[in-house]
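Knowing the structure of chain W, use the given hints to seat chain Z on it.
There are 2 protein chains.
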Amino acid sequence: MLNAHDRKRRLRDPQRTRQRLLQAAFREVYRSGFQGAGLDTILAATGVTKGALYYHFGSKEVLGYAIVEEIVAALPRDKWLRPLQEGKDPIDALIDIVQATSVRPKDVQGGCPLVNLAQEMSPLDEQFRKRLERIFNGWQEGIATALRRGQSQGTVRRDLVPEETASFLIAMYEGYVLLAKNAQDPKVWNVGIRNIVGWLRTLREPGHPRNGRRRSG
Amino acid sequence: MLNAHDRKRRLRDPQRTRQRLLQAAFREVYRSGFQGAGLDTILAATGVTKGALYYHFGSKEVLGYAIVEEIVAALPRDKWLRPLQEGKDPIDALIDIVQATSVRPKDVQGGCPLVNLAQEMSPLDEQFRKRLERIFNGWQEGIATALRRGQSQGTVRRDLVPEETASFLIAMYEGYVLLAKNAQDPKVWNVGIRNIVGWLRTLREPGHPRNGRRRSG
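From first to last, the protein sequence lines stand for chains W and Z.
Position in the first sequence (from 1) plus 6 gives the number in my numbering.
Position in the second sequence (from 1) plus 6 gives the number in my numbering.
Bound-form chain W, shown alone (with noise of 0.2 Å):
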């Protein structure tokens, strides 16, 4: 428990303010749509006022944008980028990140911040999309990187094109976060875990050990 006085002190802080507004905007978003998001509900979550609000964001798209440099950007780092700079075998690491999906109700009926925003905002607003297409590519590239040291490793194909076959798995990740969300079932998960990572073992160099080729029936 903080005392009056911590807590005094805590609410003045600017940059904790600032910080708990764009984690309750996110959550606020998250839920209802950017154009659906209230700002009086974000405020009651917070305790802030509407001018604090709009002394630290100016307008409710500048929040917008908070929310997808600071939070959305860090989704795919933090679950993607990450593991894959721990210079594992990449394909071992991408299977392992696929199969960490969360297939908790509240994940799967939510769907994937980021392609929310980018179903919603993209083709209303040039600056919400630029934002998110820099995080699709930063989340390509990093895929790529991996792929490509794997291939001068000689475990991963080199028949392939990194950024194509980067692209190709987010493609298929969003579309069973999607299909998923739709069908408000973690089943719909487990068969598209199952699809990923069978693709991801195809994309092994053949004869390199992991390889077993055996196919599930």
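Just so you know, not all the hints are guaranteed correct.
If several chains are the same, the list does not tell them apart, and a pair holds so long as it fits within one copy or across any two.
In the BS3-like style, the derived pairs of lysine-lysine whose C-alpha atoms are separated by at most 30 Å in a straight line are [unchecked claim]:
| # | residue 1 | residue 2 |
| --- | --- | --- |
| 1 | Lys193 | Lys136 |
| 2 | Lys66 | Lys136 |
| 3 | Lys85 | Lys193 |
| 4 | Lys193 | Lys66 |
| 5 | Lys56 | Lys85 |
| 6 | Lys94 | Lys66 |
| 7 | Lys112 | Lys66 |
| 8 | Lys193 | Lys56 |
| 9 | Lys94 | Lys56 |
FYI, nobody ran anything at the bench for these hints, they're computed from the structure.
Relative to the frame of chain W, chain Z by itself:
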């Protein structure tokens, strides 16, 4: 050109009025989303009165459900299921369908009407979600049936699970719709088509004459 008499007759034909409202509403929803769609825009595009709109559809929601059932549901049926039923080799038919994807900037930027509505409305409205799920299921079942036929004819690998392979194809296809829409770049679809077609070729029964097993570099 219609003369004044014909025009009046056409306006008075209730089924034509209903159809014109439905088509105009579909276009407006495709452009602005369901929540953003303006009834006034639909009325202005059709020259129909608000009273006539409510006579035919009762509410904006009922109009939305009719769009899903009468227009959106026909899209995978026309583009995917009908060609698959023509008795051709199913892998050849699927390759033709994927290669026929429109890469016109207008279509790339607009995305897929089914996905757009699923993303926007499924979390908000169970009536939308169920209707859209029926479409996804019918699409999946149509592809699965064709794959099953291919398995019994010896052209499709027997070790794959038709329903799962069908959902995988839909996921990767819709994933590329999303990536291309966000990039606003038809080139993303060219890569997508190449990758999906490459994957479709791996579904052929090994040893089948069509399966050259060549991979592009």
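Evaluation of the provided hints:
Taking the closest pair of Cα atoms, Lys193 and Lys136 come within 30 Å of each other only across two copies (17 Å); inside a single copy the shortest separation is 33 Å, beyond that limit. Proximity of Lys66 and Lys136 under a CA criterion of 30 Å is satisfied intra-copy only: 17 Å inside one chain copy versus 33 Å between copies. For the identical chains of this complex, Lys85 and Lys193 are neighbours both inside a copy (21 Å) and across copies (27 Å), given an alpha-carbon limit of 30 Å. In this assembly of identical chains, the alpha carbons of Lys193 and Lys66 never lie at most 30 Å apart, being 37 Å within a copy and 33 Å across copies at closest.
Proximity of Lys56 to Lys85 under the C-alpha cut-off of 30 Å is found in neither arrangement, the shortest distances being 34 Å within a copy and 50 Å between copies. Taking the closest pair of Cα atoms, Lys94 and Lys66 never come within 30 Å of each other, the shortest separation being 42 Å inside a single copy and 53 Å across copies. Taking the closest pair of Cα atoms, Lys112 and Lys66 come within 30 Å of each other both inside a single copy (26 Å) and across two copies (28 Å). Taking the closest pair of Cα atoms, Lys193 and Lys56 never come within 30 Å of each other, the shortest separation being 42 Å inside a single copy and 44 Å across copies.
Within a single copy, Lys94 and Lys56 get their C-alpha atoms no closer than 47 Å, and across copies no closer than 63 Å, so neither meets the 30 Å cut-off.
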